[in-house]
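Enquirer: These are the residues of each chain, in order.
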Amino acid sequence: MAYKTLVAASTKPLILSVLSHGRSYGYQIIKNIERLSNGELAWTDAMLYPVLHRMEKDGLIKSEWVIQENGRKRKYYFLTPQGKEERDESKRQWMNVTKALNVLWGMNPKLEIG
Amino acid sequence: MEKFDLDRAIDGWKKQLWKQQGLEPGYIEELECNLRDRIDDYISDGHSEKEAFELAKHKSLDSPESLADEYFKVTSKKRTPPWKSRFSFLSLLPLNFRSGYRHLVKRKLYSAINVFGLAVSISVVFLLWLYVDDQYSFDRHVQNANRVYRVNYDLQFDGQQTIYSNVGVPIATSLKSEFPEIEEVARLYGMGGLQVHTGALIAQDVRIESTKIFYAEASFLKVFKLDFIAGNPSTALDEENSIVISASMANKLFGSTDVLGNTIQIGGSPRGMLRITGVIKDNGKTHLPLEALIAFTLPNQIENDRWLGGHVYTYVLLNEHNDIEGLRNKIPAYREKYLNDFFKERGGLADVLFQPMSSIYLDEEYMWEPYPHGSRTSTNVLALLILLLLGIACANYINLATSRSVEYAGEVGIRKVLGSSQGLLVFQFICEPILIAAIAGLLAILISLALVPIFNDLSGLQVATLSVLSLTNVSKIMLLAIAVGLVAGIYPAFYLISYKPVNILKGKLTTGGKGEKLRQVLVIFQYAMSSFLIIGVVIVAAQTRYIVHKEIGFEKENVITLNVHDVDSSGNKLRGFMNRIKSLSYVTGCTSSYNTLSAQPNAADPVFLKADGTEILTAMNRIDVGFDFFETMGIPIVDGRGFENQFGQNEYQSILINQAAVDGYGWQGYATKLNQKWHGEENGSANNVIGVVSNFSIGPSHQSIRPLIIFLNQWEVNQVFLRIEGDHMKEHLVELESLWDDFFPNHNFDFTFLNDDLNTLYQKEEQFLGLLSAIWVVIMLVTSLGIIGLISFNAELKRKEIAVRKINGASINAIIYLLSRKFVFLLLVGNLVAMPVAYYLMNQWLSNYDQRIDIGLWPFLFSLLLGLIFTALTLFYHAVKAARVNPVESLRYE
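As you go down the protein sequences, you meet chains A and B in turn. Residues 171 to 284 (the numbering used here) are what the first sequence spells out, left to right. Residues 15 to 908 (the numbering used here) are what the second sequence spells out, left to right.
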């Protein structure tokens, strides 16, 4: 399982990134993330929904209730323009981190040490 | 097995979430979608519906609360959600008191009625409690009190049973030698004898008279543990001429309690100086208050073989086992051995009874009690009334509170909708009565301060006004108040919160209809109580009046009693003084007597002889009087003649009897031919019956008049009676006193009015009457206040009805009738409930009296009438006010 702090830090970028591919609903987001992380990130409902709620309040995402063919309702989330900007910004930051880590874990990191 | 219903299961799951504070319906709906999606997935994986539900539920969330926590974390800046904050009822107190205070201020009249009614009740309950507690606490503080018993004589002569509080002298020694379980016995008798029972102590030139001086055996200090300030209790009364005095007596005589070894003289006695060997603390609330104990040893003072006559108070201390029943069972054998022969010879029967010391004070008074007692019946009645008064105060509160409940309904509805729990609501609505009660408690302290002097007057207690403010008393009052607040508040609180918020908010509640039945029952209870009390008051008053004003067979007005028991009454000086007095123009009669007229006379068992020599054993009372007794007292002689000086020494062989003796023994026609002697006397020395007097009562007038034998006695004189012409009494008394001082310069002029002496016999009744009346006033007041509250509420409810009726032509009378008929009905029911109970209890009370009134119908009518008047007065103002309102005003509200 992933570190708790890592989970906390990555939640928002992950949600924003999922939604940048199109609208989605809570359960679907959970399933996608679980699959993409090979089960490493198993979000609980109690974690996800409050975060979605908060992000909506902050204006990053919007939601709408959609009635399906079978009569059941479902609440879909999608990105707002502000959410897109936020996703780009977080993408840039996370890329930096990954790039740095990749170099460090490579053969010749060229470090000044000692 | 029941089929699994997925929708129902999901509904149940949702309900769990709804209960959690902080989860909004929108959240829950979304979570439900999530749950359903999961379930679908599990089902498609091949799970059953039930398994799928369980798995999904488990996966979805741990607990509703942790979910709510997460939501709270992301939405609020506060650290802890309200459902997590540490909660205590205490933290709500200020809030609840504030809301209670707002209600109070909003309804000023209602609050004032409530507070005032409670305050008066609490203050009266407190004062009565002091009285009842005082009465019950006699002798409780004495060490070993539970092992100390007084020995009483139960004597029967000629079928007449009398219980004596004192017994023959040899009883003590014979009991001690017979029964090892008796650890100690002690005898004592009052100075001045049983009739007068007053003595005087003299130290230097201070002379103090007291009824609390006793001669006591040394063993008395072992039976009664007295609190010694100085001296040694185990030896204090060992030596002849020792005296132990109380601190208050020491202060009166010497102005100090440091008086060990000082000497004291006994007034009017040749006996020498007494040495103080002990000083005790005043022995407090006891049936036997003591100011001085003088050592005596038998057989010097009293013969040791007198089983009858010359009685002494006798107390026994039982050993640790305290097996009083065992002892009582052995008494028949004891009687056989010691008493039966002696008493059979005299035509009588004797038994000894053991009376627990701690119950003496409230038990009935037996013959020759050293002091008057309290009354157990009256005390119990008052204790019961305290409880009932508290009940009425609570009932009043409940009435007013539930009738006002509509006003609270809105608040209850809103609070419930906002998620307040039942417990919190009850707590809130109980804070209000407690607040009211606390204010009432403070007011009750003030009222008690004002009432203490009246209370002292009524009860005969001496409560210092400021002692009300002592910590114990203040906390007693406040505790009482808060307890009343709690008890009274619980029902209205539950009643208020039982409203359904939906109904309240829809405005469906317009009247407090639900509590109507209960309110009626409570009003009936209040009316019944006040009716019961007024019947009681009327009957006690009538009986007291009856015994005080009853024809007692002699004229008690304008008679002065001079107490002369410690002047040398056998000498000529007293006769000289009486002759001098007789010559005064305003003195219309002067006589002397051994007996007082305000206490029961001695019992005697004279033998009467008919002309043919037949002997008749009798049981009579005996008094000894001087010449002119019947003339002075206005007692008619119905047969024969009275004592006359002209017959000289022979007259001392003459006796009179009363009409009751003639009637009782059937001596009509030949009474004056009878002779009388005593047991064992030769017939030759017999006395002659020279006359019969009409019946007159001696002592309490409610006792039947017993056969009486009257002797002429000029040597033992305790009282001189003077009949004075009514006018200028003050001047006459001044002259009489200066005459007295001429004859007896060393003795106080000690007089009382016979009328007053007799009236003190009825103090107990007067006290009881006073306290009953006071309670009645309070109950009537509180009930009236309650009714004022109810009627003004009713008038408000019916405001529209009244207006419509008026528009349609109803008269004011009709409106008043509309508003008040219910209360009159309740009054009638209350009276009907109270009457049989009152009749039964008052009959019981009256059965204590030989001479008693018949209850009759009028106390009941009076109670009904008084109830009607009070109700009418209470109702009238409000009913008229409501009826006179212009209908336009009322209807404009719409």
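Quick caveat, the hints were computed from the structure, so don't treat them as lab data. Where is the CB? At the ideal position from N, CA and C, for every residue including glycine. Errors might be hidden in some of the hints.
Stated by the list, open to error - Across the chosen pairs, the derived CB separations fall in these ranges: (1) LEU206/A with ASN517/B: 51 to 61 Å; (2) ASP54/B with GLU282/A: 54 to 64 Å; (3) GLN198/A with SER77/B: 22 to 32 Å; (4) ASP54/B with MET265/A: 36 to 46 Å; (5) LYS814/B with LYS227/A: 47 to 57 Å; (6) GLN198/A with GLN30/B: 17 to 27 Å; (7) GLY40/B with LEU206/A: 41 to 51 Å.
As the list claims (entries may be wrong) - Distance condition first, Cα-Cα at most 25 Å in a straight line; then the derived SDA-like pairs of lysine to any residue: (8) LYS587/B with ASP756/B; (9) LYS836/B with TYR854/B; (10) LYS351/B with GLU63/B; (11) LYS243/A with GLU63/B; (12) LYS71/B with GLU282/A; (13) LYS245/A with LEU69/B; (14) LYS28/B with ARG244/A.
As the list claims (entries may be wrong) - Reference listing, derived: stretches of chain A covered by chain B, where coverage requires no fewer than 3 residues with Cβ under 8 Å from a Cβ of chain B: (15) 191-197; (16) 209-219; (17) 238-248; (18) 265-272.
Enquirer: Run every hint past the structure and note whether it holds.
Expert: Results for each hint:
A beta carbon spacing of about 55 Å between LEU206/A and ASN517/B agrees with the range 51 to 61 Å that was offered as a hint. A hinted range of 54 to 64 Å for the beta carbons of ASP54/B and GLU282/A is consistent with their spacing of about 57 Å. Look at GLN198/A against SER77/B: about 25 Å separates their beta carbons, and that is inside 22 to 32 Å. In this structure, ASP54/B and MET265/A meet the distance hint of 36 to 46 Å, their C-beta atoms being roughly 37 Å apart.
Separated by about 51 Å at the C-beta atoms, LYS814/B and LYS227/A satisfy the suggested range of 47 to 57 Å. Range check, GLN198/A to GLN30/B: Cβ separation about 25 Å, and the 17 to 27 Å hint holds. For GLY40/B and LEU206/A, the Cβ-Cβ distance of about 28 Å falls outside the hinted range of 41 to 51 Å, so the restraint is violated. For the suggested pair LYS587/B and ASP756/B, the alpha carbons sit about 11 Å apart, so the restraint of at most 25 Å is met.
Using a Cα cut-off of 25 Å, the hinted pair LYS836/B and TYR854/B is violated, with the two alpha carbons roughly 28 Å apart. Taking the CA atoms of LYS351/B and GLU63/B, the gap is near 99 Å; set against the 25 Å cutoff, the hint is violated. This hinted pair checks out: LYS243/A and GLU63/B have alpha carbons roughly 20 Å apart, not beyond 25 Å. Using a Cα cut-off of 25 Å, the hinted pair LYS71/B and GLU282/A is violated, with the two alpha carbons roughly 54 Å apart.
About 22 Å separates the Cα atoms of LYS245/A and LEU69/B, which keeps this hinted pair within 25 Å; it holds. Our distance criterion of 25 Å between C-alpha atoms is met by LYS28/B and ARG244/A, whose separation comes to about 17 Å. For a cut-off of 8 Å, the count of residues in the region 191-197 of chain A with a CB near a CB of chain B stands at 3, and the three-residue condition holds. As drawn, the region 209-219 of chain A meets chain B at 5 residues by the rule of a beta-carbon pair under 8 Å; at three or more, the given contact holds.
Check result for the region 238-248 of chain A against chain B: holds, 4 residues qualifying (beta carbon to beta carbon below 8 Å, three or more required). Coverage of the region 265-272 of chain A by chain B is violated in this model, with 0 residues showing a Cβ closer than 8 Å to a Cβ of that chain against a need of three.
Hint compliance for this structure: hints 7, 9, 10, 12, 18 are not met, and every other hint is.
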